[in-house]
Amino acid sequence: MLSDAEVSQFKRDGFLVKRGIIEQNYCATARERLWDDPPPSLRKDDPNSWIGPIKPNEVSEDPDNFKKDYRWMYRKVGSEDWIVQGLPWHPFVQSTANQLLGKDRFTQRDRVRGIYCTLPRLKTDSQPRYMHIDDGQFTLGFVCYVDTVEPDGGGFAVWPGSHRRLFYTSHSRYRKESTDKYDRIRKEYDNSWETTSFQTHGEPGDIVIWHHRMAHMGSHNYSTNIRKAILTDFSFKNINQLAELPPGEDMWEDWGDAVRDIEE
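Heads up, the final residue of the sequence shown is numbered 263 in numbering that gives the first Met the number 0, and it's a clean run with no missing numbers.
Simulated from the structure, these hints should not be mistaken for lab results. Misleading hints may appear alongside valid ones.
[What the hints assert, rightly or not] Here are the simulated DSS-like pairs of lysine-lysine, each with C-alpha atoms no more than 27 Å apart in a straight line:
| # | residue 1 | residue 2 |
| --- | --- | --- |
| 1 | 186 | 236 |
| 2 | 67 | 175 |
| 3 | 67 | 180 |
| 4 | 102 | 236 |
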(Lines of atoms letter the chains of each structure in order from A; the text may use other names.)
(Lines give C-alpha, C1' and ligand atoms only; values in the text may rest on other atoms or scores of the structure.)
Protein backbone atom coordinates (compact mmCIF):
# COMPACT_ATOMS: atom_id res chain seq x y z
CA MET A 0 0.00 0.00 0.00
CA LEU A 1 0.95 3.63 -0.32
CA SER A 2 1.73 5.89 2.61
CA ASP A 3 -0.45 8.91 3.33
CA ALA A 4 2.31 11.13 1.94
CA GLU A 5 2.38 9.12 -1.29
CA VAL A 6 -1.39 9.30 -1.68
CA SER A 7 -1.18 13.05 -1.17
CA GLN A 8 1.59 13.28 -3.77
CA PHE A 9 -0.49 11.24 -6.22
CA LYS A 10 -3.45 13.58 -5.75
CA ARG A 11 -1.25 16.65 -6.24
CA ASP A 12 0.95 15.49 -9.12
CA GLY A 13 -1.24 12.84 -10.77
CA PHE A 14 1.51 10.23 -10.79
CA LEU A 15 3.87 8.38 -8.48
CA VAL A 16 7.05 6.38 -9.12
CA LYS A 17 7.72 3.30 -6.98
CA ARG A 18 11.05 1.51 -7.17
CA GLY A 19 11.75 -2.23 -7.23
CA ILE A 20 8.15 -3.41 -6.99
CA ILE A 21 7.84 -6.08 -9.69
CA GLU A 22 9.90 -9.29 -9.61
CA GLN A 23 13.06 -9.50 -11.70
CA ASN A 24 12.15 -12.85 -13.27
CA TYR A 25 8.97 -11.25 -14.62
CA CYS A 26 11.01 -8.49 -16.24
CA ALA A 27 13.50 -11.00 -17.64
CA THR A 28 10.70 -13.09 -19.15
CA ALA A 29 9.23 -9.99 -20.80
CA ARG A 30 12.61 -9.02 -22.26
CA GLU A 31 13.02 -12.52 -23.67
CA ARG A 32 9.50 -12.88 -25.07
CA LEU A 33 9.76 -9.54 -26.85
CA TRP A 34 12.07 -11.23 -29.34
CA ASP A 35 9.48 -13.82 -30.38
CA ASP A 36 8.56 -11.69 -33.38
CA PRO A 37 10.74 -8.60 -33.82
CA PRO A 38 11.18 -6.47 -36.93
CA PRO A 39 13.48 -8.65 -39.09
CA SER A 40 16.40 -6.23 -39.08
CA LEU A 41 16.45 -5.91 -35.28
CA ARG A 42 18.80 -8.49 -33.79
CA LYS A 43 18.63 -9.30 -30.09
CA ASP A 44 22.40 -9.22 -29.52
CA ASP A 45 23.25 -6.29 -31.79
CA PRO A 46 22.43 -2.90 -30.22
CA ASN A 47 23.50 -1.14 -33.40
CA SER A 48 20.52 -2.75 -35.13
CA TRP A 49 18.04 -1.24 -32.64
CA ILE A 50 18.32 2.36 -33.84
CA GLY A 51 15.04 3.49 -35.38
CA PRO A 52 12.98 4.21 -37.24
CA ILE A 53 11.43 0.91 -38.33
CA LYS A 54 12.41 0.27 -41.93
CA PRO A 55 9.57 1.02 -44.39
CA ASN A 56 9.40 -2.60 -45.59
CA GLU A 57 9.14 -3.82 -41.97
CA VAL A 58 6.28 -1.56 -40.89
CA SER A 59 3.29 -3.50 -39.53
CA GLU A 60 -0.12 -2.09 -38.64
CA ASP A 61 -1.06 -5.43 -37.02
CA PRO A 62 -2.51 -4.37 -33.63
CA ASP A 63 -1.04 -7.49 -32.00
CA ASN A 64 2.48 -6.51 -33.06
CA PHE A 65 2.49 -2.89 -34.18
CA LYS A 66 5.77 -1.64 -35.66
CA LYS A 67 6.07 1.84 -37.12
CA ASP A 68 8.48 4.79 -36.88
CA TYR A 69 10.09 4.43 -33.43
CA ARG A 70 7.23 2.46 -31.85
CA TRP A 71 7.01 -1.30 -31.38
CA MET A 72 3.96 -2.49 -29.45
CA TYR A 73 4.03 -6.23 -28.85
CA ARG A 74 0.54 -7.16 -27.70
CA LYS A 75 0.45 -10.86 -28.68
CA VAL A 76 1.48 -11.91 -25.18
CA GLY A 77 -0.94 -9.54 -23.44
CA SER A 78 -3.37 -12.21 -22.24
CA GLU A 79 -0.86 -14.90 -21.27
CA ASP A 80 -1.10 -15.96 -17.63
CA TRP A 81 2.46 -15.05 -16.64
CA ILE A 82 2.18 -11.45 -17.84
CA VAL A 83 -1.24 -10.90 -16.22
CA GLN A 84 -0.36 -12.49 -12.88
CA GLY A 85 2.93 -10.61 -12.68
CA LEU A 86 1.59 -7.06 -13.02
CA PRO A 87 -2.16 -6.38 -12.61
CA TRP A 88 -2.48 -9.28 -10.14
CA HIS A 89 0.75 -8.46 -8.30
CA PRO A 90 -0.01 -8.06 -4.56
CA PHE A 91 1.33 -4.51 -4.40
CA VAL A 92 -0.58 -3.43 -7.51
CA GLN A 93 -3.76 -5.01 -6.17
CA SER A 94 -3.39 -3.37 -2.76
CA THR A 95 -2.71 0.01 -4.37
CA ALA A 96 -5.72 -0.26 -6.67
CA ASN A 97 -7.94 -1.23 -3.71
CA GLN A 98 -6.53 1.65 -1.68
CA LEU A 99 -6.97 4.32 -4.36
CA LEU A 100 -10.16 3.17 -6.07
CA GLY A 101 -11.91 1.47 -3.16
CA LYS A 102 -11.95 -2.19 -2.22
CA ASP A 103 -13.51 -4.40 -4.92
CA ARG A 104 -14.86 -1.37 -6.79
CA PHE A 105 -12.83 -1.97 -9.97
CA THR A 106 -12.81 -4.62 -12.67
CA GLN A 107 -9.99 -7.14 -12.66
CA ARG A 108 -7.76 -7.41 -15.70
CA ASP A 109 -7.48 -10.55 -17.83
CA ARG A 110 -4.81 -8.98 -20.03
CA VAL A 111 -2.31 -6.12 -20.12
CA ARG A 112 -1.91 -3.63 -22.94
CA GLY A 113 1.32 -5.30 -24.03
CA ILE A 114 5.07 -4.78 -24.07
CA TYR A 115 5.50 -1.25 -25.39
CA CYS A 116 8.85 -0.28 -26.86
CA THR A 117 10.49 2.88 -28.12
CA LEU A 118 13.52 2.48 -30.36
CA PRO A 119 16.61 4.65 -29.89
CA ARG A 120 17.13 7.66 -32.10
CA LEU A 121 20.23 9.71 -32.80
CA LYS A 122 20.81 12.57 -30.36
CA THR A 123 21.15 14.94 -33.32
CA ASP A 124 17.48 14.20 -34.10
CA SER A 125 16.23 16.01 -30.99
CA GLN A 126 12.44 16.34 -30.88
CA PRO A 127 9.94 18.21 -28.66
CA ARG A 128 7.40 16.43 -26.47
CA TYR A 129 3.73 16.42 -27.41
CA MET A 130 1.18 15.45 -24.77
CA HIS A 131 -2.05 13.52 -25.08
CA ILE A 132 -4.60 11.89 -22.83
CA ASP A 133 -5.91 8.40 -23.54
CA ASP A 134 -9.26 7.72 -25.18
CA GLY A 135 -10.24 4.65 -23.16
CA GLN A 136 -12.61 4.65 -20.18
CA PHE A 137 -10.12 3.67 -17.50
CA THR A 138 -9.31 5.28 -14.17
CA LEU A 139 -5.87 4.26 -12.91
CA GLY A 140 -2.83 3.29 -14.99
CA PHE A 141 0.39 1.42 -14.23
CA VAL A 142 3.62 1.41 -16.26
CA CYS A 143 6.23 -1.23 -15.39
CA TYR A 144 9.75 -0.88 -16.75
CA VAL A 145 11.17 -4.30 -17.63
CA ASP A 146 14.65 -3.08 -18.60
CA THR A 147 16.88 -0.19 -17.60
CA VAL A 148 15.46 3.13 -18.78
CA GLU A 149 18.09 5.84 -18.55
CA PRO A 150 17.36 9.57 -18.31
CA ASP A 151 16.45 10.63 -21.86
CA GLY A 152 15.93 6.94 -22.60
CA GLY A 153 12.30 7.05 -23.72
CA GLY A 154 10.71 7.00 -20.28
CA PHE A 155 7.05 7.68 -19.59
CA ALA A 156 6.81 11.49 -19.61
CA VAL A 157 4.12 13.34 -17.66
CA TRP A 158 3.00 16.89 -17.05
CA PRO A 159 2.73 17.03 -13.23
CA GLY A 160 -0.55 18.44 -12.00
CA SER A 161 -2.12 18.42 -15.46
CA HIS A 162 -4.81 15.94 -14.37
CA ARG A 163 -6.36 18.65 -12.17
CA ARG A 164 -6.88 20.84 -15.24
CA LEU A 165 -7.60 18.23 -17.90
CA PHE A 166 -10.26 16.50 -15.81
CA TYR A 167 -12.46 19.51 -16.54
CA THR A 168 -11.81 19.57 -20.31
CA SER A 169 -14.23 16.76 -21.15
CA HIS A 170 -18.02 16.64 -21.10
CA SER A 171 -17.69 13.16 -19.54
CA ARG A 172 -15.86 12.13 -16.39
CA TYR A 173 -14.27 9.12 -18.06
CA ARG A 174 -14.85 9.28 -21.81
CA LYS A 175 -12.73 11.64 -23.85
CA GLU A 176 -15.34 14.13 -25.06
CA SER A 177 -13.16 17.20 -25.27
CA THR A 178 -14.37 20.76 -24.77
CA ASP A 179 -12.68 23.76 -26.37
CA LYS A 180 -10.53 24.08 -23.25
CA TYR A 181 -8.65 20.88 -24.08
CA ASP A 182 -6.92 22.19 -27.19
CA ARG A 183 -5.94 25.41 -25.46
CA ILE A 184 -4.34 23.56 -22.56
CA ARG A 185 -2.72 21.00 -24.87
CA LYS A 186 -1.06 23.75 -26.91
CA GLU A 187 0.07 25.46 -23.72
CA TYR A 188 1.74 22.28 -22.45
CA ASP A 189 3.23 21.41 -25.86
CA ASN A 190 4.77 24.86 -26.15
CA SER A 191 6.20 24.76 -22.62
CA TRP A 192 7.25 21.09 -22.49
CA GLU A 193 10.84 21.88 -21.50
CA THR A 194 9.68 23.35 -18.18
CA THR A 195 6.28 21.72 -17.58
CA SER A 196 6.94 18.04 -18.39
CA PHE A 197 8.83 15.44 -16.39
CA GLN A 198 10.42 12.31 -17.83
CA THR A 199 10.48 9.24 -15.60
CA HIS A 200 13.27 6.67 -15.77
CA GLY A 201 14.29 3.64 -13.76
CA GLU A 202 15.35 0.04 -13.48
CA PRO A 203 13.55 -3.26 -14.17
CA GLY A 204 10.67 -3.64 -11.73
CA ASP A 205 10.08 0.08 -11.18
CA ILE A 206 6.51 1.23 -11.77
CA VAL A 207 4.74 4.50 -12.54
CA ILE A 208 1.20 4.90 -11.16
CA TRP A 209 -0.82 7.54 -13.00
CA HIS A 210 -4.22 9.24 -13.16
CA HIS A 211 -6.29 8.72 -16.32
CA ARG A 212 -6.47 12.45 -17.12
CA MET A 213 -2.72 12.93 -16.82
CA ALA A 214 -1.06 14.61 -19.82
CA HIS A 215 1.61 12.16 -20.93
CA MET A 216 3.60 10.62 -23.75
CA GLY A 217 6.14 7.90 -24.37
CA SER A 218 9.10 10.25 -24.68
CA HIS A 219 11.84 10.15 -27.29
CA ASN A 220 14.65 7.69 -26.66
CA TYR A 221 18.18 9.06 -26.98
CA SER A 222 19.86 6.13 -25.21
CA THR A 223 21.42 3.05 -26.82
CA ASN A 224 18.82 0.68 -25.35
CA ILE A 225 15.26 -0.09 -26.46
CA ARG A 226 12.79 1.37 -23.96
CA LYS A 227 10.65 -1.59 -22.79
CA ALA A 228 7.60 -1.28 -20.55
CA ILE A 229 4.42 -3.22 -19.79
CA LEU A 230 1.26 -1.14 -19.37
CA THR A 231 -1.97 -2.03 -17.62
CA ASP A 232 -4.91 -0.14 -16.13
CA PHE A 233 -8.03 -0.46 -13.98
CA SER A 234 -11.57 0.88 -14.34
CA PHE A 235 -14.47 1.25 -11.94
CA LYS A 236 -17.05 -1.52 -12.25
CA ASN A 237 -19.74 1.09 -12.92
CA ILE A 238 -17.62 3.22 -15.23
CA ASN A 239 -20.23 3.19 -18.01
CA GLN A 240 -22.70 4.84 -15.65
CA LEU A 241 -20.12 7.26 -14.29
CA ALA A 242 -19.08 8.20 -17.82
CA GLU A 243 -22.58 9.55 -18.43
CA LEU A 244 -21.96 12.18 -15.74
CA PRO A 245 -20.09 15.45 -16.22
CA PRO A 246 -16.97 16.15 -14.17
CA GLY A 247 -17.97 16.97 -10.61
CA GLU A 248 -16.69 19.85 -8.52
CA ASP A 249 -14.71 17.28 -6.52
CA MET A 250 -12.67 15.32 -9.05
CA TRP A 251 -12.03 12.60 -6.44
CA GLU A 252 -15.63 11.92 -5.45
CA ASP A 253 -15.65 8.49 -7.16
CA TRP A 254 -12.38 7.36 -5.59
CA GLY A 255 -11.70 5.42 -2.41
CA ASP A 256 -11.81 6.83 1.12
CA ALA A 257 -8.00 6.77 1.30
CA VAL A 258 -7.89 9.32 -1.51
CA ARG A 259 -10.86 11.48 -0.57
CA ASP A 260 -9.72 11.82 3.06
CA ILE A 261 -6.17 12.97 2.27
CA GLU A 262 -5.22 16.58 1.58
CA GLU A 263 -3.08 17.31 -1.46
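Given the hinted pair residue 67 and residue 175, is their alpha-carbon gap at most 27 Å?
Since the Cα atoms of residue 67 and residue 175 sit roughly 25 Å apart, the hinted pair holds (cutoff 27 Å).
Holds or violated: residue 67 to residue 180, with C-alpha atoms at most 27 Å apart
violated (31 Å)
Can you confirm whether the C-alpha distance between residue 102 and residue 236 stays at or below 27 Å?
At roughly 11 Å apart (the allowed maximum being 27 Å), residue 236 and residue 102 satisfy the hint.
Checking one constraint from the list: CA of residue 186 to CA of residue 236, max 27 Å. Satisfied?
violated (33 Å)
Hint violations for this structure: numbers 1, 3, all remaining hints satisfied.
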